[in-house]
Amino acid sequence: MINRYPLWKNLLIALVVSWGAIYALPNIYPPDFAVQVSREQAGVAVGVDALDAVSKAFDEQGIEYFGSGVIEDNKALFRFYDDETQLRAKDVAQRALHDLPEPHIIALNAAPTTPEWLRSIGAEPMKYGLDLRGGVHFLMEVDTAKAIEDRVGGMEAEIKRMLRDRTDRIRYSGVEKPAEGVLKFMFANEDLRDRAKSKITDSYREFDIITGEEGDSAFVQLTVTDASVREMEDFAVSQNLQTIRNRVNELGVAEPLVQRLGRNRIVVDLPGVQDTAEAKKILGKVATLEFRMEAQPDAPRSSTITYEYEGRDAAVEKDIILRGDRVFDAQVGFDPDSGLPQVNITLDSDGGELMHRATRHSIGRRMAVIFIETKTRDKYELVDGVEMRTQVPYIEKKVVSLATVQAALGVKFRITGLDAGEARELALLLRAGALAADMFIVEERTVGASLGAENIELGAISVTVGLGLVLIFMLAYYRVFGLAANIALATNLVLLVAVMSSLGATLTLPGIAGIVLTVGMAVDANVLIFSRIREELKNKMSPQAAINAGFERAFVTIMDANITTLIVAVILYSIGTGPVKGFAVTLSIGILTSMFTAIMGTRALVNFMYGGRNVQKLLI
Amino acid sequence: MVDISNVNFNFMRYRKIAGGISAGVVALSIVSLLALQLEWGLDFTGGSLVEVAYEQPADPQRIRNQLDEAGYDGHVVQYFGSDQDILVRMPPQKELTSKENATLGDRIIASLQKVSDSEVTLRRSEFVGPAVGEELTNQGGMGLLAALGMVLIYVAFRFQYKFAVGAVVALFHDVMITLGIFSIVRWDFDLTVLAALLAVIGYSLNDTIVVSDRIRENFRKIRRGNPEDIINTSLNQTLGRTLVTSFTTLLVLFALLILGGELIRGFAIGLIIGVIIGTYSSIYIAANMLMVLGISKDDLAVPVKEGLDEDLPQQY
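Chains as they are written, first to last, in the numbering used here: chain A, 41 to 660; chain B, 393 to 708.
Some hints here could point you the wrong way.
PhoX-like, lysine-lysine: derived pairs with alpha carbons at most 25 Å apart [as the list claims (entries may be wrong)]:
hint: 1; chain 1: A; residue 1: Lys-415; chain 2: B; residue 2: Lys-491
hint: 2; chain 1: A; residue 1: Lys-321; chain 2: A; residue 2: Lys-437
hint: 3; chain 1: A; residue 1: Lys-580; chain 2: B; residue 2: Lys-613
hint: 4; chain 1: A; residue 1: Lys-358; chain 2: A; residue 2: Lys-438
hint: 5; chain 1: A; residue 1: Lys-419; chain 2: A; residue 2: Lys-437
hint: 6; chain 1: A; residue 1: Lys-167; chain 2: A; residue 2: Lys-186
hint: 7; chain 1: A; residue 1: Lys-200; chain 2: A; residue 2: Lys-224
hint: 8; chain 1: B; residue 1: Lys-491; chain 2: A; residue 2: Lys-325
hint: 9; chain 1: A; residue 1: Lys-200; chain 2: A; residue 2: Lys-419
hint: 10; chain 1: B; residue 1: Lys-613; chain 2: A; residue 2: Lys-320
hint: 11; chain 1: A; residue 1: Lys-657; chain 2: A; residue 2: Lys-578
hint: 12; chain 1: A; residue 1: Lys-217; chain 2: A; residue 2: Lys-239
hint: 13; chain 1: A; residue 1: Lys-415; chain 2: A; residue 2: Lys-452
hint: 14; chain 1: A; residue 1: Lys-325; chain 2: A; residue 2: Lys-419
hint: 15; chain 1: A; residue 1: Lys-115; chain 2: A; residue 2: Lys-580
hint: 16; chain 1: B; residue 1: Lys-491; chain 2: A; residue 2: Lys-186
hint: 17; chain 1: A; residue 1: Lys-358; chain 2: A; residue 2: Lys-452
hint: 18; chain 1: A; residue 1: Lys-321; chain 2: B; residue 2: Lys-486
hint: 19; chain 1: B; residue 1: Lys-506; chain 2: A; residue 2: Lys-186
hint: 20; chain 1: B; residue 1: Lys-506; chain 2: A; residue 2: Lys-321
hint: 21; chain 1: B; residue 1: Lys-506; chain 2: A; residue 2: Lys-320
hint: 22; chain 1: A; residue 1: Lys-325; chain 2: A; residue 2: Lys-200
hint: 23; chain 1: A; residue 1: Lys-578; chain 2: B; residue 2: Lys-486
hint: 24; chain 1: A; residue 1: Lys-321; chain 2: A; residue 2: Lys-200
hint: 25; chain 1: A; residue 1: Lys-186; chain 2: A; residue 2: Lys-358
hint: 26; chain 1: A; residue 1: Lys-321; chain 2: A; residue 2: Lys-186
hint: 27; chain 1: A; residue 1: Lys-320; chain 2: A; residue 2: Lys-186
hint: 28; chain 1: B; residue 1: Lys-486; chain 2: A; residue 2: Lys-320
hint: 29; chain 1: B; residue 1: Lys-491; chain 2: A; residue 2: Lys-321
hint: 30; chain 1: A; residue 1: Lys-321; chain 2: A; residue 2: Lys-224
It should be emphasised that the hints constitute simulated quantities derived from the structure, not laboratory data.
Starting from the given sequences, assemble the full structure and let the hints guide the process.
Put into structure tokens, the structure is as follows:
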């Protein structure tokens with residue numbers, strides 16, 4: 041029978057369309073204005089006391105809220121009916137939680153209102169980009185070249201010191217730096233050179249080592265290997281990543297994004313943040329470390345400072361052995377003998393010297409590592425009878441390690457006796473407090489909340505009007521077939537939204553432009569098919585045969601045309617940054633979904649209307 | 393309803409005139425691009441941009457004076473959308489370090505706040521470092537070239553090299569004239585316009601492929617007639633579709649231009665120009681090139697392959 045789809049094809053279409061309808065559904069539930077409360081310490085749930093304090097404060101201030109009391113993913117959410125209440129509520133919550141001993145993060149959030157049954161099957165609304173919800177986007181660049189230069193400089197000093205060693209001195213006649221990352225040690229003869237080479241080979245795996253002769257002197261040339269350059273870059277970047285992650289919490293952002301981009305860049309997206317100057321100030325702060333010996337039991341109190349460590353007091357000496365700017369590296373490693381986790385620490389040469397001096401007579405004593413961060417805290421003061429909030433900076437110091445010295449330490453040493461998680465945590469903190477590679481902002485985009493809301497509104501209007509115009513035109517021009525195309529077009533839009541939602545793709549303003557363009561171009565496939573049907577009818581083909589021929593002959597053309605457009609969209613995605621990528625994503629998804637709806641969807645509808653019957657005239 | 397499928401227009405009769413006009417316009421565009429360049433937007437030049445909304449109509453002159461007083465060079469102050477919205481653009485300041493330039497936006501906002509007695513709300517603030525701008529320019533150029541190259545390969549593979557040359561010349565034509573118009577009219581050329589340009593490539597290609605597809609089909613099907621007649625027939629057969637698709641696309645693009653707001657304006661304009669030129673070029677450039685290259689039936693002889701017959705129903 042001509043123009044009948046087999047059952048499985050109809051079922052497939054029904055299946056895809058219902059999948060699309062369900063996964064696009066969460067987008068019709070507008071998010072609530074919400075305030076999110078979480079603990080500053082990661083991984084710790086908000087306590088009931090905090091929840092009670094906030095609810096009580098809201099009741100006292102007459103702030104209407106709903107959907108509270110639920111702690112999910114360690115966070116508590118309070119929802120409000122409008123944005124003004126939300127802003128007021130944030131201040132009130134901040135004030136209420138100020139009196140609690142534990143620090144909390146209070147952030148504005150757009151809480152999804154997706155019904156439970158949808159969430160249980162993983163259906164979530166599309167994420168909005170910063171240009172739609174407002175917020176700050178930073179692109180930071182880490183000065184890795186400088187970091188590597190510093191590191192090589194440090195190694196040069198270490199090697200020199202090693203060669204000058206008192207017990208086994210190897211005299212060198214000079215050091216040259218023929219290129220970046222290359223050190224050339226000159227020696228009076230080959231014997232000295234070979235001894236130096238074997239010593240360097242034993243201690244350093246960061247170099248490619250070549251030897252040679254020049255005039256009447258011999259040399260060892262050390263070139264930092266590509267792998268080591270990468271390692272040093274990675275270190276510099278991961279250190280800055282950690283610093284930013286620590287800082288971002290302080291800004292009170294509901295869903296921050298901190299991500300490495302390429303070799304030496306970091307993307308920071310802070311939805312909802314409006315005060316860029318404040319954000320930059322906070323992100324720019326660095327942490328540091330202090331290494332101190334634990335105080336002797338009989339030491340006078342005036343020469344010690346007491347910190348808390350794992351619930352007990354730990355008194356340390358006032359004298360600092362060295363600070364974080366002498367720490368080059370801290371990595372999690374494993375003891376080659378026992379296989380237990382440890383943290384390997386590398387200092388610069390002066391740091392090694394200081395460490396050696398402090399530890400060689402202190403074997404058996406404990407050494408503390410103290411992590412120091414500048415933070416800000418809210419302070420409430422009465423000014424002319426009105427309570428005002430000011431932000432006061434304070435310095436937080438905490439002991440992150442207290443370990444027994446087992447030998448005289450030098451440039452490289454390790455901290456053992458940790459489990460894997462502790463080792464990771466300690467290495468992160470040590471890195472965050474180590475000498476930071478310089479970082480600067482290379483791109484910043486801030487979108488105000490009002491502009492974001494306006495962009496959503498304008499985008500929605502454009503899509504609606506564009507879609508409406510196309511629907512009217514298609515119906516007028518192709519009549520019954522136009523109706524089939526229109527249903528397919530609407531379905532296409534639903535599928536596009538469903539695919540974007542389930543891929544977790546982010547909707548941006550250029551993305552909306554991509555949707556609008558897709559609406560205009562998606563009908564192309566139908567136009568191709570319908571004009572072909574008209575043509576075949578003119579060639580005196582019977583209606584049923586014309587439908588069949590129209591769909592079949594247009595198919596190859598549609599494929600060719602769409603594949604080339606897809607190629608362009610993929611190139612667009614691969615070269616583009618933020619906004620262009622958003623456009624490329626919607627365009628690509630739109631092409632794919634439109635091919636499905638325009639070819640299979642329309643065919644199914646046309647078959648349903650005309651198929652298997654004796655048709656004299658087509659309304660096309 | 394008008395049925396354009398009955399039209400029989402001798403397109404190729406005017407192909408030399410059209411080709412001449414196109415060559416002239418492309419040459420003019422290239423001259424303008426070389427002489428005037430493009431009005432590069434912030435994305436490519438680097439610098440800072442701040443858009444604020446005042447509660448009352450703002451006076452750009454007062455803002456300019458304020459910025460002059462503060463010692464900033466090369467600033468552009470203009471209304472953006474309404475007389476309460478002010479857009480300030482500023483190139484990187486020479487006397488500031490790169491770190492200070494990164495916070496230039498914050499300083500501009502502070503200056504703007506001083507001018508007004510009423511509340512000022514920040515709409516957006518952007519900073520692009522000079523290195524990033526340069527990278528984007530290179531990437532954008534590379535993207536255009538890559539897109540053209542990939543298309544050349546795909547079309548040569550799917551059709552025949554003469555079609556590929558036709559398609560790429562048509563794309564080059566469209567991109568050049570669109571860029572030329574942006575250069576002459578001094579519209580801002582930013583990232584969204586670049587995206588529009590790449591979309592134009594996609595759109596124009598779509599058109600060209602549809603026309604080429606029909607030309608190929610007719611060369612194989614129609615036994616009599618010279619290439620000019622066959623191409624004319626093909627163009628007339630696809631004319632209806634070409635116009636309808638361009639029309640629906642232009643419908644949504646005008647909706648976007650009028651309703652989409654200031655930020656999307658450049659994108660919509662770029663695409664509108666590109667769609668119009670792309671529709672024209674698939675007829676007078678791509679098909680024209682086939683004539684110039686002397687397309688013949690021999691170029692399109694069906695490769696004999698077992699089990700592959702054009703007339704068998706396709707499965708989809």
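Hint by hint, here is what the structure shows:
1. A:Lys-415 - B:Lys-491: 22 Å, holds
2. A:Lys-321 - A:Lys-437: 20 Å, holds
3. A:Lys-580 - B:Lys-613: Distance of about 18 Å is within 25 Å: holds.
4. A:Lys-358 - A:Lys-438: 15 Å, holds
5. A:Lys-419 - A:Lys-437: 20 Å, holds
6. A:Lys-167 - A:Lys-186: 38 Å, violated
7. A:Lys-200 - A:Lys-224: 12 Å, holds
8. B:Lys-491 - A:Lys-325: Cα-Cα ~14 Å, so holds.
9. A:Lys-200 - A:Lys-419: This hinted pair is violated, its Cα atoms lying about 52 Å apart.
10. B:Lys-613 - A:Lys-320: 68 Å, violated
11. A:Lys-657 - A:Lys-578: Distance ~12 Å between Lys-657 (chain A) and Lys-578 (chain A) Cα, so the pair holds.
12. A:Lys-217 - A:Lys-239: 20 Å, holds
13. A:Lys-415 - A:Lys-452: Given pair Lys-415 (chain A), Lys-452 (chain A) is violated - Cα atoms ~31 Å apart, limit 25 Å.
14. A:Lys-325 - A:Lys-419: 20 Å, holds
15. A:Lys-115 - A:Lys-580: 70 Å, violated
16. B:Lys-491 - A:Lys-186: OK: Lys-491 (chain B) and Lys-186 (chain A) at ~16 Å, within 25 Å.
17. A:Lys-358 - A:Lys-452: 24 Å, holds
18. A:Lys-321 - B:Lys-486: With a Cα-Cα distance of about 23 Å, the restraint between Lys-321 (chain A) and Lys-486 (chain B) holds, given a limit of 25 Å.
19. B:Lys-506 - A:Lys-186: 40 Å, violated
20. B:Lys-506 - A:Lys-321: 22 Å, holds
21. B:Lys-506 - A:Lys-320: 22 Å, holds
22. A:Lys-325 - A:Lys-200: The hint is violated at about 34 Å.
23. A:Lys-578 - B:Lys-486: Roughly 70 Å between the alpha carbons, so the hint for Lys-578 (chain A) and Lys-486 (chain B) is violated.
24. A:Lys-321 - A:Lys-200: Judged against 25 Å, a Cα distance of about 40 Å means the pair is violated.
25. A:Lys-186 - A:Lys-358: 33 Å, violated
26. A:Lys-321 - A:Lys-186: 22 Å, holds
27. A:Lys-320 - A:Lys-186: Holds, at about 22 Å.
28. B:Lys-486 - A:Lys-320: Status holds; Cα separation ~22 Å.
29. B:Lys-491 - A:Lys-321: Given pair Lys-491 (chain B), Lys-321 (chain A) holds - Cα atoms ~12 Å apart, limit 25 Å.
30. A:Lys-321 - A:Lys-224: It is violated: about 42 Å lies between the C-alpha atoms, which goes past 25 Å.
The structure does not agree with the numbered hints 6, 9, 10, 13, 15, 19, 22, 23, 24, 25, 30 stated previously, though it agrees with the rest.
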